Every structure is written in structure tokens, then in C-alpha cells.
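*Asks:* Residue numbers (this note's numbering), protein chains in the order written: chain A, 231 to 750; chain B, 231 to 750.
Some hints here could point you the wrong way.
Copies of the same chain are indistinguishable here, so a pair counts whether it falls within one copy or spans any two.
[Stated by the list, open to error] Below, in silico cross-link-like pairs of lysine-lysine (DSS-like), each with a Cα-Cα straight-line distance of 30 angstroms or less:
| no. | residue 1 | residue 2 |
| --- | --- | --- |
| 1 | Lys-296 | Lys-317 |
| 2 | Lys-619 | Lys-558 |
| 3 | Lys-680 | Lys-296 |
| 4 | Lys-558 | Lys-398 |
| 5 | Lys-498 | Lys-342 |
| 6 | Lys-670 | Lys-557 |
| 7 | Lys-472 | Lys-407 |
| 8 | Lys-495 | Lys-342 |
| 9 | Lys-348 | Lys-495 |
| 10 | Lys-330 | Lys-498 |
Simulated from the structure, these hints should not be mistaken for laboratory data.
In this text the structure is predicted, and so the values were computed from the model without any measurement.
What follows is the residue order along each chain.
Protein chains: 2
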Amino acid sequence: MVICLNGNGKKDDVWSMKDYRCRARLIGIVAGGNIIVLNEQEAMAHDIYPSHRVILRCRGKEIIAKVDLSSDIVGFGEIGLFTEIAKELKASESEIIDVKHMARPASLQYVKDKIEGKELNAEQIEVVIDDLMENKLSEPELAAFIAAMHIRGLTHNEIIALTNSIVKSGDVLNLGKSPIMDKHCVGGVAGNRTTMLLVPIVAAAGLYIPKTSSRSITSAAGTADTMEVLAPVTFELEEMRKIVLKTNGCIAWGGAMNLAAADDKLIKIRHPLSLDPRGVLLASILAKKKSVGAQYAVIDIPIGRGAKIMDTAAAQALGNDFISLGKKLGIVIEVLITDGSDPIGNGVGPGLECRDVFEVLEGGGPMDLRDKSCLLAGTMLEMCGKVEKGRGYTAASEIIKSGKALVKFREIIAMQGGNSKVKSSDLPIGQCVHKVIAQKTGRISHVDNKMISNVARAAGAPLDRGAGVYLHCEMGDKVVAGDTLFEIYAESESKLDFALKALEVWEPVELQKVVLGNLK
Amino acid sequence: MVICLNGNGKKDDVWSMKDYRCRARLIGIVAGGNIIVLNEQEAMAHDIYPSHRVILRCRGKEIIAKVDLSSDIVGFGEIGLFTEIAKELKASESEIIDVKHMARPASLQYVKDKIEGKELNAEQIEVVIDDLMENKLSEPELAAFIAAMHIRGLTHNEIIALTNSIVKSGDVLNLGKSPIMDKHCVGGVAGNRTTMLLVPIVAAAGLYIPKTSSRSITSAAGTADTMEVLAPVTFELEEMRKIVLKTNGCIAWGGAMNLAAADDKLIKIRHPLSLDPRGVLLASILAKKKSVGAQYAVIDIPIGRGAKIMDTAAAQALGNDFISLGKKLGIVIEVLITDGSDPIGNGVGPGLECRDVFEVLEGGGPMDLRDKSCLLAGTMLEMCGKVEKGRGYTAASEIIKSGKALVKFREIIAMQGGNSKVKSSDLPIGQCVHKVIAQKTGRISHVDNKMISNVARAAGAPLDRGAGVYLHCEMGDKVVAGDTLFEIYAESESKLDFALKALEVWEPVELQKVVLGNLK
Numbered sequence: 231m232v233i234c235l236n237g238n239g240k241k242d243d244v245w246s247m248k249d250y251r252c253r254a255r256l257i258g259i260v261a262g263g264n265i266i267v268l269n270e271q272e273a274m275a276h277d278i279y280p281s282h283r284v285i286l287r288c289r290g291k292e293i294i295a296k297v298d299l300s301s302d303i304v305g306f307g308e309i310g311l312f313t314e315i316a317k318e319l320k321a322s323e324s325e326i327i328d329v330k331h332m333a334r335p336a337s338l339q340y341v342k343d344k345i346e347g348k349e350l351n352a353e354q355i356e357v358v359i360d361d362l363m364e365n366k367l368s369e370p371e372l373a374a375f376i377a378a379m380h381i382r383g384l385t386h387n388e389i390i391a392l393t394n395s396i397v398k399s400g401d402v403l404n405l406g407k408s409p410i411m412d413k414h415c416v417g418g419v420a421g422n423r424t425t426m427l428l429v430p431i432v433a434a435a436g437l438y439i440p441k442t443s444s445r446s447i448t449s450a451a452g453t454a455d456t457m458e459v460l461a462p463v464t465f466e467l468e469e470m471r472k473i474v475l476k477t478n479g480c481i482a483w484g485g486a487m488n489l490a491a492a493d494d495k496l497i498k499i500r501h502p503l504s505l506d507p508r509g510v511l512l513a514s515i516l517a518k519k520k521s522v523g524a525q526y527a528v529i530d531i532p533i534g535r536g537a538k539i540m541d542t543a544a545a546q547a548l549g550n551d552f553i554s555l556g557k558k559l560g561i562v563i564e565v566l567i568t569d570g571s572d573p574i575g576n577g578v579g580p581g582l583e584c585r586d587v588f589e590v591l592e593g594g595g596p597m598d599l600r601d602k603s604c605l606l607a608g609t610m611l612e613m614c615g616k617v618e619k620g621r622g623y624t625a626a627s628e629i630i631k632s633g634k635a636l637v638k639f640r641e642i643i644a645m646q647g648g649n650s651k652v653k654s655s656d657l658p659i660g661q662c663v664h665k666v667i668a669q670k671t672g673r674i675s676h677v678d679n680k681m682i683s684n685v686a687r688a689a690g691a692p693l694d695r696g697a698g699v700y701l702h703c704e705m706g707d708k709v710v711a712g713d714t715l716f717e718i719y720a721e722s723e724s725k726l727d728f729a730l731k732a733l734e735v736w737e738p739v740e741l742q743k744v745v746l747g748n749l750k
Numbered sequence: 231m232v233i234c235l236n237g238n239g240k241k242d243d244v245w246s247m248k249d250y251r252c253r254a255r256l257i258g259i260v261a262g263g264n265i266i267v268l269n270e271q272e273a274m275a276h277d278i279y280p281s282h283r284v285i286l287r288c289r290g291k292e293i294i295a296k297v298d299l300s301s302d303i304v305g306f307g308e309i310g311l312f313t314e315i316a317k318e319l320k321a322s323e324s325e326i327i328d329v330k331h332m333a334r335p336a337s338l339q340y341v342k343d344k345i346e347g348k349e350l351n352a353e354q355i356e357v358v359i360d361d362l363m364e365n366k367l368s369e370p371e372l373a374a375f376i377a378a379m380h381i382r383g384l385t386h387n388e389i390i391a392l393t394n395s396i397v398k399s400g401d402v403l404n405l406g407k408s409p410i411m412d413k414h415c416v417g418g419v420a421g422n423r424t425t426m427l428l429v430p431i432v433a434a435a436g437l438y439i440p441k442t443s444s445r446s447i448t449s450a451a452g453t454a455d456t457m458e459v460l461a462p463v464t465f466e467l468e469e470m471r472k473i474v475l476k477t478n479g480c481i482a483w484g485g486a487m488n489l490a491a492a493d494d495k496l497i498k499i500r501h502p503l504s505l506d507p508r509g510v511l512l513a514s515i516l517a518k519k520k521s522v523g524a525q526y527a528v529i530d531i532p533i534g535r536g537a538k539i540m541d542t543a544a545a546q547a548l549g550n551d552f553i554s555l556g557k558k559l560g561i562v563i564e565v566l567i568t569d570g571s572d573p574i575g576n577g578v579g580p581g582l583e584c585r586d587v588f589e590v591l592e593g594g595g596p597m598d599l600r601d602k603s604c605l606l607a608g609t610m611l612e613m614c615g616k617v618e619k620g621r622g623y624t625a626a627s628e629i630i631k632s633g634k635a636l637v638k639f640r641e642i643i644a645m646q647g648g649n650s651k652v653k654s655s656d657l658p659i660g661q662c663v664h665k666v667i668a669q670k671t672g673r674i675s676h677v678d679n680k681m682i683s684n685v686a687r688a689a690g691a692p693l694d695r696g697a698g699v700y701l702h703c704e705m706g707d708k709v710v711a712g713d714t715l716f717e718i719y720a721e722s723e724s725k726l727d728f729a730l731k732a733l734e735v736w737e738p739v740e741l742q743k744v745v746l747g748n749l750k
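Whenever a hint applies, use it, and build me the whole structure from the sequences.
*Replies:* Here it is, written out as C-alpha cells:
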């Protein structure tokens, strides 16, 4: 590569001899990345091979893309653009595109440094995140980087630097108000829609809570999916700002906004690898909080069988990191270590979870969901001094009992564009139902989050809003043969069949074990 | 995913409900991997997303492929097959293909174990290589694995296990003769066509040397490229066997045979990352030697400025590893640490290198090329006891002087299907020439391998057989202003221009520095 000859890193404005021009051919395929197709002979004559990265220039805009080659689809002087890149370049058919060799990204040296165990400084981390945002690092390079951060670890300084760089990579919410509260749950618990309760509680108390939530990746529903049953969750940052200024709170889909943008790119690699290097996890979460201007945040770490964090010691260590890092980043953090071994609430799936939420707001509902929400909301009330230490839970409870939380919730729904008068009977609940009956008498020793989640997904959640599982028992309950353990809801018979097949895959003995435990 | 519900790893012969059938649509694009296109809506309804991996079944054959999605190119019930996978499945247009979710590969656990620093046993390494061969591991997963092996290191037992698994992944040459010699150069030196001399020398002495060589990846020519000027280098394993049984030796392109197949897949990830974990490098090389049944091997480790290994201590450590691992694998190894700071020979590029080779075989030629080849060949003669210790170099020299090496070389050329009567004047040498002239009087302090290589490539090597560089000076030479330092050869004026532009990118001062050094 000629550009490499300029080893001293001099920026080369003269087109390398290997650069050339092409006319765009639009290919209507979603490729999952910025990929283009070049004519095989022409590319190789220019020393360009499959999977190489090149810089494309179109009407002054430059973008990096990965190369596919073809002898048939594109001829000499042509370049095939897959969907994503055609959109990003705003290129039309036959438009002139310049193809240019890409110099080795500066960040690659820092990736190698981290592989070799060096501590990266803030400037170097900034370069890595910049190159990440410009797609200069390939998936394998990013994977090697993630693995290296996992094995070598990140120092507190590196985590702070990473957090700040991730924040800078996206937009930041400037509410101009105070106090701004936030919450994060490390995850792994089915149901668990505490956000949809603590937001109205805390907002009703006069605190600001611009809450962004995610859609489900592998679970039966994310908070954004469940909230979307009641109101739109897709907003621009400025729209979210207006909603929160009017109502104090909102529950929006984070993915629609450009907050902590680099984190989305990192998650794309972390998730398939199931590698969440501790430092990256911390930076990821803290960056999201910082991006909305949070001054106080409650971190919920569920532990126990089936939860993401296995034991108290690990949870405490993680929690301490959150607290000390938060301090350096200007966020006051409190950590709650909660029971993550069972689902929270009865419903699992968007419509069914909404039903739980309304029941709690109306004064009843699943007790575990109500208690946990009051605990989280109460902690927030105490943290910013709204309420005396020790009185948070009671204050939160009172806000529910008085009906203020329900009023605020309806206000938020309306502000987000939903029907504020929505009733429980309006909620989408699948019409095809199957009751799973206890085969024996005994006591429930465990309700497996994963199984419940999987069955709910198989039934169609979250795309089918009314699909999911509704639990009629919980850990510790005594059941008699013939009692309903849980119901499966689906929006069609065939999907109900899917869910039943999913259930069948668990050995009947296994099923009893996981649900009924030892007979007592 | 329903398959995941069967957490106890029970093999599920029943089609998951998310499996479905499609008709093949052939897409004539080389994608650089096994990639297919599914209809976006249909795939997502089956919980399949871009970059997911699925198992395709076609007429009983199963293959793993990565997913692209499209709303336009393929409709419901259709699957688009890129070139590689259409070939592998031998699928025709409209053929029925079953699309099946893929369970998590067993090797992923071992990838994570290595990330966590565990030592893998032979069975586990075997599983990883098996899954690698079946494309069950994605590029990011492989990259994480390579990074982990680099950071955590591999024990000798792991390297042995990896070597054996790589050998098993491909074919093995059973020559049925003895002694079988081999050689490997760790690389980084331009020119350096010692193989094309030591093979005929050693074969003429009655030893067997089934030599496989590679094509250039980033250099101006690989041994396979240069040999191909004289004769075909692409053979099936059985053809190579026949050639070697007739002539004792050959110089074939390793990539055409299925030797150490897993190594090719590993190189695809190692190379872009520029990560060659020591243990993987050792296993890679030893597996290739073992695959051809080598009993004796000489490893050439060039050191010095610009070479891959920087200093003697590093070379010795690597060399010791080769020797002790080789012993455990049944290969007697000797290591030569040689001077890698300058190109070897005068020609750089296929035709020009052939010219050097013939000149040496005819009794003259570049002295450094002749000396190094006799050193390597002589070592081989000593190792298997053909010649007394200390007399190898002389014996090799004699074989050249007597003309026996040239006769043998022509015999090998003929057996490989080339013209045994080929003369130096028949060799392809580019007709467009540019002389690079010394601007000052002085002494050559250094000739940079990388620059020479880059200029030769820019001139068109190795695809243009006659392109390259011919050196007229070497380190230590005194030159006078006006002397020719080197010539650039190309097969067209435009390519010669390319090469000159490449040369220009080096600052004139830089150029003098790298070629002329300090004025003495």
C-alpha cells in the first residue's frame, strides 16, 4: 500500500495512485454494516482485497466501508452500495464515488498497547472511541480490544476516561433543572418493571427523572417495549427534554436518541461474545447516566440463582466501584443489592406487565413489584434530601396510596402521545391462553427467570404485545395438584403451540423441579 | 431461541419451530466468507438477525453461514447465496434449502476458558479446531481467542496439542521414503529465494524435500510466485507425491493443497490483527512440517533492522522452542539465526529473482544468495548424516559447482510441467525500466527491505511477473554520485509511474538516509 510508505504519518492530500473513481450501483440489501462491492479484477489491480477497508468520498462526505468483491454484479468503474452505506452517503444511482485506500487507524496502536497490558491515557482512549465512531476499527479488532480489556482490566482512571469519551461521542441532555435522578438495573430478572412505577412516584414528588430504557435483546420485554404499549417511546433528545420539563419525568427508548453513541457500537461486539469487561460495563452505564445529566443514581444489583451477579461479595465489589467512580464523575450513587432469583411481578410480556403496573398504581398489584419500586423510589427521595433518611419507602408508598403516582403516570402517558385515559381492560392481552397445572402437591422452591422468559418469547413477546406469561405462584408458595401455576398467553394458536413446544423441551421432571422443587 | 431451552445439551433432532425452508437465489458476489441473504421480515419473524449464524441444509449437506437481510433482493421463502457458499453447497437456482438455528458451539466455552487464563487440554483444543473448520466461530470470537492466546500464552502441551489438531484438520503427505527434509524462514527479507536453490541441492544429494511455499501476502513475491514463472506450482497432494518420488524434490504452492487446513483459517484472523501469538506461530509452522512428514527441518530466523525478530536473544528463545517442540513432535530441528537487515540477492520480483537463481546455479550470481543457500542446504546434509558435521557447506557448494544442482532443478521444472530448457533470456523481465541514481558520493549504510518491497509491488509484482527491483548496491558498498543504486522494472509505463510515485513518497533526504546512510 503506497500510503503506508509515508511511514512518518504525514497526512497525504495527494490521492494515492491506488485510488480510483466509480459510479454507484444501489444494492437493496441490509448488510449489517458499511459494506460495498467492487469489481474483483479492478479492485485487485488496485491492491484491494475482500474485507479491506477503504474510504469512500461522495460529494465531499467521507465514510469508511468494508470491501466485498464481485466479477458479475459490478463492472469496471462501478461500486455497489449496500443499504446502510447508500443511506449514509445519501448516494443516488450512478453517482460518482471516489474509492481511497485507508491508512492504518491511529487507535490500532492503542488496541495493541492494551493487548500488551499497557495503561491507556485519556487522549489515547479518546482516539479509540473516535475511530470506533468512524468505523475505522473492524469487528475482529474490536473483539481483540474487548478481550484485552477483560483480561488486562481497566484502572479507575481508564474507566473515567472511557466514560467521558463515550459521553462525548453522543448528545447530552441539558435539562437546566435540578435534582436529576436516574436508576439502572444490572439485569437478568423477568418482569421487574420497577421503572414504570418509580418514575411517576419520583416525578410526582417534584424531582426530575429523564429515564431512558432499552428494548429487549434476549428477554421477553424491555421497559421500552412495555411502556410502548401505553405511549410512544421514540423521541428526539429535544422532545424528551420538553416532556420532562412539563411532567418532571418520562420513560423513553434510549436507542432512538444519540446518547452515549459509542456504547451502542461497543455493545454490538460485547453482546455476541458474552464478554462484558467490568470496566466497560461500568463506563457504559455511567456514561448513559452522565449523558442525561444525572446528579443522583440508584443502581439495582439483583443477586441469586439465575441472576447476572452470583453472590453478595461480587455485588458489593461492583457496587463500590459504581460509588467511587460516580463520585469522580459528579454523580452521587447508591447501590441496592436485591433478590434476583425470582421474577418480579406476575406478568412477563408487554401487556401483562402493564397490567401489573396499573394494579400497583391503583393500590393493589403484585406485592414484590410494589415493594421493590417503593424501595428504589424511596432511596431516590432520600438521596437528594427530599425526604429524611429512613422515610423514603414510606413516602413513596404514600405517593402511590394517595393516587398521585397514578395521576402523574397518566400525565406522562399523555405528554408522550398516548391515551391518558387508558384502562386495564384496554391493555393488549393475548386471547389464546394455556394454563400450566401443578401435577403434584408441594412447595415452590424456585421459579426460573430464564425458562419463564424463554416461554414468553416463544409465545411472541415482545413483538406480540399481548403475548407472555402470567404467574400464579411464587417461591415459597404451597400448591396442590390441580392448581394453576402459570398461564401462557399468545395472539394466535400457532404461537401458543410454539410456546408449548418450548415448554415441552424441558423434561417434565425438570419442569417440576424448577417450579415445584422438593416435595415438602 | 428455543434450542437454548434444552440447556442440558441434548441433541435436538426435532426441527426447532424457527427453522424454515427457502428456494435458492444465486448472487454472483465473492463475499469473503460463507454469507447468505434472507428476506428481512421473514427472518426477523423467525428471530434471525443480521450477522446471526444459521445452519443450511441442502440435499443432506449441512453448512454454517452468516446472515445478511434484505427487503428487496429476496422475497419470502427465498434465500440468496453468495459465491463461496453456493459453491460449497453445490446449490443450483431454486434448489430447496433448509434454514436452521445454530446452537451455541461447544468451542465457545473453551474460547472463554482461554480468555480467563485456563490451560486447555488436547480434547478441548481439538474441539476448537473442529468448530473453526466448520465455521462455527465468528471472526470476532476468533479474534478474541487469538488475543487471549497472545496475552495468556500457550504452554508447551497446548502448542503440541494445537499442532496435532491443525495437522489432523487437513491432509497429510505419506511419502513412504526417508529422509524427508524441510525448511522454514520466519520471514521479512526481500528476495531471499534460498528455497529455489536448496531444494535442487538437497534433492541432488539424494534426500527427499517435498517443499510447499506460499504466495506473497504483502511482499513483492512469495517463493510460489517466483517458482511459478518456471513451472506450474498448483498440485493435488497425490500429484506432489508423484513428483517428489520421481525427482526427490519439488517447490509447490501450499495453498492449493489441503495441508494444515486450520492454519489458513487462523491466518485470516491473525494477519489483519498483526497478532501472531508465539504459541500459534510455532504450532502453525510445525503443523505444516508435520503435514508433509518432515523428519528434519531447518528454521531460518533472520534478525536485524527491519526483520521480524529484532535481536539475538529473542531469536534464540524462539529457536529453542522450535527445537524442543520439534523433538516432542518427532522432527529434528536446527535453527540458524541469520542477518535479516538487507535483502538477499539482487532481484526482487518473480522474474528478477529467477534470474538470480539461475545465475547461482550456473556458478555465479549474488554471493549472499549463494552463501545462504549453501549454508541452509549444508545444514540439512549434515543433520541426516549424509555428510559429516562441518562439511555441509562445502558439499552443497560442490553440488552447485559440479552442475548437479542445475540439472536437478531442470528435472524438477520438467516434472512440474514447465519447460526444462528455459534460459535466462526467456525469463519475464519488465521492458519499462528506471534507474535510480546516487545523488551523492558515500557508503551504503542500509538497504531497507520494506521500501524495496513496496516499490517492487507498486511496479506490479508479483502479478506482473516481470516487475520488481534489481539492486546494484548493497550495505557497505562505496558509491559515487552518478552510480546506479537500483533499477525499477515494470511491464507498462503507467505502472512504472506508479512505482516512481511510491518512491517519491519517501522524502529525498529519507531516501538518501535509507540508502546512503551517513556520508563517509
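*Asks:* Hints numbered earlier in the text: which of these fail when held up against the supplied structure?
*Replies:* 6
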